[in-house]
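**Q** Taking the hints into account, I'd like the entire structure generated from these sequences.
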Amino acid sequence: MGTREIVSLQFGHYSNFIGTHWWNIQETGFGYNGTESSEIDHDVLFREGLTVNGQVTYTPRLLLVDLKGSLGTLSEQGNLYEPLVDPSTADTNWNNKVEVYTSTTEIKNQFQEELYKTKNPREIFKKSFDFDNNVKVWSDFLYSRFHPRTTNIVSEYSHKQSSCFEAFAQGTELWRTQKFLETFSDKIRNYVEECDSFQGFHITLDATDGFSGLSSSCIQYIEEEYEKKPILAFPVIPSHYSDDKGIMSEPHFPNSFRVMNLAFCFDALNEHSSVFVPLCTGSDGWIQPRTKIEFNHVTYDHKLYYHSSAILAAALDTFSLRYRMKTHSYTLKDLCADFTTNSRKVVAASVCLPFSINEDSDFISCLDKWEGPLTKSITPNCSIGTDKLLQMFTLRGIPETRLKNQLSENKAQRHMPAFHCNSINEMLNFYLSCNYFYTLSSVTNVAKGVSVRTPFPHFFDDSVGANGNICATPRKKDLEDIPILAGLHSGSCIGDMIESLHSETKKIKKLDVGQFSKTGIEMQEISDCFDRLLDLTECYEDNYL
Amino acid sequence: MSAISLLNPKAEVARAAQALAVNISAAKGIQDVMKSNLGPKGTVKMLVSGAGDIKITKDGNVLLHEMQIQHPTASLIARASTAQDDMTGDGTTSTVLVIGELLKQADIYVAEGLHPRVLTEGFDKARLKTLEILDNMKIPIEINKDSLLDVARTSLRTKVHAELADVLSGICVDAILTIRKDEKPIDLHMVELMEMQHKTATDTQLVKGLVLDHGSRHPDMPKRVTNAYILTCNISMEYEKSEVNSGFFYKTADEREKLVKAERAFIEERVIKVIELKKKLCDGTDKTFVVINQKGIDPMSLDMFAKEGIIALRRAKRRNMERLALACGGIAMNHLNDLQESHLGHAGLVYEHVLGENKFTFVEECKIPQSVTILMKAPNKHTLAQIKDAVRDGLRAINNAIEDKAVIPGAGAFEVTAYKELMKYKETVKGKPRLGIAAYAEALLVIPKVLATNSGFDAQDTIVKLQEESGLNPEPVGLDLTSGEAINPKDFGIYDNYVVKKQIINSCSIIASNLLLVDEIMRAGLSSLKG
Ligand SMILES: Nc1ncnc2c1ncn2[C@@H]1O[C@H](COP(=O)(O)OP(=O)(O)OP(=O)(O)O)[C@@H](O)[C@H]1O
Ligand SMILES: [Mg+2]
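Residue numbers (full-length UniProt numbering), protein chains in the order written: chain G, 1 to 545; chain H, 1 to 531.
Worth flagging that the hints you see were computed from the coordinates, not collected in a lab. Among the hints, a few may not be true.
[To be verified] Straight-line distance between alpha carbons at most 16 angstroms, and here's what the computed EDC-like set of lysine to aspartate or glutamate pairs gives: (1) 160(G) x 66(H); (2) 55(H) x 86(G); (3) 127(G) x 480(G); (4) 187(G) x 213(H); (5) 228(G) x 213(H); (6) 295(H) x 225(G); (7) 179(G) x 195(H); (8) 476(G) x 359(G); (9) 68(G) x 475(H); (10) 287(H) x 308(H); (11) 381(H) x 364(H).
For clarity, every value in this text was computed on a predicted model and none was experimentally measured.
**A** Set out below in structure tokens:
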């Protein structure tokens, strides 16, 4: 069977931050020297194309949506297929006066400038740029180049007046315009039509603003139009809002809208998606992301979307590998079937970045010395635990040669039961079976690590060596690929998460609910939606597994 | 665009007393930006984004929305213009101009101490009278090529240069007349608009059939067939693992393999059914067979079709199912039980055209096509978008004329006549509301005035000239934009839609009245999103 293609959709600014890192991670990780053959089938997410001049292109099979003014120096149609038209000579089909209104020209940052000029984009990896201070919008660190149909801008709302596209109903209303009902839907169809063995959709969406509604409508449409094709959705919550005062507070306008958007979004995803995985780098994502999740050897600033979205992207790129491999016959549909027993649709995700293994250690000793859980939850309000789970782990960056010390040098290893395992996969599975209870686990592993080449943030501390392992001496060279472990989990923790969202909705003031209703949703519908959340928690009760 | 920043967004907090002044200045502000758009000598706007994307428009409504309006007054006017566009597809610039002018006129009277409510009373009287005048000016039309061409041309020449406008007018009229059946209302969706980035705008053409934006996905399928049966269907012809057979946790490889076989056979049967019909109808004749499917067709099924010389297209647009049946005959099938010849459509010619990575399939030479395609061509994206907007306007204008069974003389003729009649009517009205009527009459004149200014003529001179001529002449009197002289628009085929004018008359006086009665507008503005 050939490649089983996936179409990716990204709705909203934070989703596009994540997406940008995700495409960057993949492209900077492509092996171009021809010696290494990848275990990953890149054609699952990318497509080959052809310009009118006969030039071959390789671009993400992607549609993204963002608001007007959010693109920075990226042009909507891009310049991959044809050069931008010069306004001074552009054909207007008009014989009388023409007035030109030019927005202030956006200036490319140094990274974009060099990427634009260089003949060999891979030279960029060796350089470093001050992304932390210069990234304003996601296109500022975009390494990939897009197909002309990829970028879709909503002209009704402006990015700069960030407070205007803030309610679910605004999004569902927007979906009903010709731009989405016709143009956007057609673009989805154009992608799907090309695929010989289309397996389904990846949809990353901002779940706390108007994009929650837009994407929900889109997902409903896809469900009807592409019945039987699985939809894996990732509702995401930004790592920080500028209104975060650092104190605990009751939800009140305008941030109570976030909670209501989330409620409506989860409700819609539960109805129309196949499986969805809420993601956030803050532990309490509902009104405010709050405490950021810490990772060993990483110093990141959660106020920078550029940082937090990189962590989520690395996780996404990793736990999605199972159905993107050349050798496996596992598909999105299998994943959805595996996770949706007892009409469960919500899945939690976790990651360990970097997967810290000492330079001089074997995998067996690494696991032997491991303390605490292997990964950290990146699903808000969800502590995964070690009990009654159904889970899938993906480990990359630990080659089989690191499994154990085959020679008899290390006596201690020989006495460990795990020494009988003959592959990384087997050993990790064994470890999981020992540390989790009443749990069904499966493991995928890939020898090569995740690419953290520029423009990925340089937020790893010095003890992470050039090969991604933990070293005693500080790193001299730039990082390239590093080990990472990511997981998807289903269990009673999910019920707790939904429960916590439900109780958050109960704290919202009547007045705010009224305001939300004014954006185009009946009051009754709002309380029905909140009630359905509560019903939802039931299918995650323990006794069902 | 920055022009709108003239409008002070803090206006929300303005007290009622100041609010009227604020409303008036806001309406004037928008009017100033939009003025230069009006008519065939107006200015086209090119909007260039920070990254260099180009958008070209001359449409009032598009422009208004590109301006990112925050001001509640302005957004109310913008909503009126959108409503105008939704309902009639035209007249949005005029709407904004007339609202602005009504407020300017009102300003003068209010400054002299007249209560706004008295004025709005007059506006309403004037509105009713003007509708009457409009009805009297209706010119009934025969629905034929010539009469429709006039309307289409008038509309399109305000959007693109004359040469292109004339090409597009011909195409639009031809398209509509082809799909029109008896007296039945026309479904504009049955005119498919297809973009092809290729050649130039004047190469845009009408295809009396369908153009699909995809082609066959099998190297051995024919690229061109004649005398073809067309099977339109919405039936999956791709193997898909069923729900029961998915998931790895609970099944063995063996179990899965068995299920796969059974499921595959099921899809194969569908393909075989189609092939059997094809064999029965086509083998031994010069007839050919084309399958157009809304669902997927996988490589194995494509291969089976290719071996039989059948062209099979997958993932057709949902709406094309209906269009295909109307263009070629036959029925869109949802199942294959009892598939027969009578279910199939027919096309004299089906062929593929490839442009880079894009494929197009032409389904042509249909006997009585009730669905057609306008194939728009242009060398770049922004021109394609511009043409698409223009074609939509043209189609709407023609359709309006057919529904109205009448047109209105353009070039300012209607407004000049309305002014004359309203001033007479004013004399019959008692009390202060007559001031509102006079203001209304004066405001309508903004249309011929701006048409004159945009063509380089003096507004006052022109109005005087037109009014003198109109005083002597019972025929409608409009403005010739080339000479600046009075003409009868009928002699030049300058016609506007009745329904467009009617909508302008109604919405302008209502919106202007709302803006004058500030209390109401304050509420309207604030109910937008936040309180
Ligand atoms: N050849 C012409 N000579 C004089 N006036 C004309 C001619 N063609 C059109 N007009 C006038 O131009 C006006 C329409 O201009 P235009 O189409 O630019 O604006 P609109 O219809 O108000 O708004 P929009 O089309 O932007 O929604 C009408 O009053 C019409 O009578
Ligand atoms: Mg017009």
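**Q** Please go over all the hints and tell whether each is borne out by the structure.
**A** Against the structure, the hints:
For the given pair, residue 160(G) sits about 14 angstroms from residue 66(H) by alpha-carbon distance, which is consistent with the 16 angstroms threshold. The suggested pairing of residue 55(H) with residue 86(G) holds, with an alpha-carbon distance near 12 angstroms, which does not exceed 16 angstroms. A C-alpha spacing of about 12 angstroms is found between residue 127(G) and residue 480(G), which places the hinted pair at or below 16 angstroms, so the restraint holds. For the proposed pair residue 187(G) and residue 213(H), the alpha carbon gap of about 11 angstroms is at most 16 angstroms, so the pair holds.
For a cut-off of 16 angstroms, the pair hint linking residue 228(G) to residue 213(H) is broken: about 24 angstroms separates their Cα positions. Of the pairs offered as hints, the one joining residue 295(H) and residue 225(G) holds, with about 9 angstroms between alpha carbons and a cut-off of 16 angstroms not exceeded. The suggested pairing of residue 179(G) with residue 195(H) holds, with an alpha-carbon distance near 15 angstroms, which does not exceed 16 angstroms. Taking the CA atoms of residue 476(G) and residue 359(G), the gap is near 15 angstroms; set against the 16 angstroms cutoff, the hint holds.
At roughly 49 angstroms between alpha-carbon atoms, residue 68(G) and residue 475(H) are farther apart than 16 angstroms, so this suggested pair is violated. With a C-alpha separation of about 12 angstroms, the suggested pair residue 287(H) and residue 308(H) falls inside the 16 angstroms cut-off, and the hint holds. For a cut-off of 16 angstroms, the pair hint linking residue 381(H) to residue 364(H) is broken: about 26 angstroms separates their Cα positions.
Of the hints listed earlier, those the structure fails to meet are numbers 5, 9, 11, in rising order.
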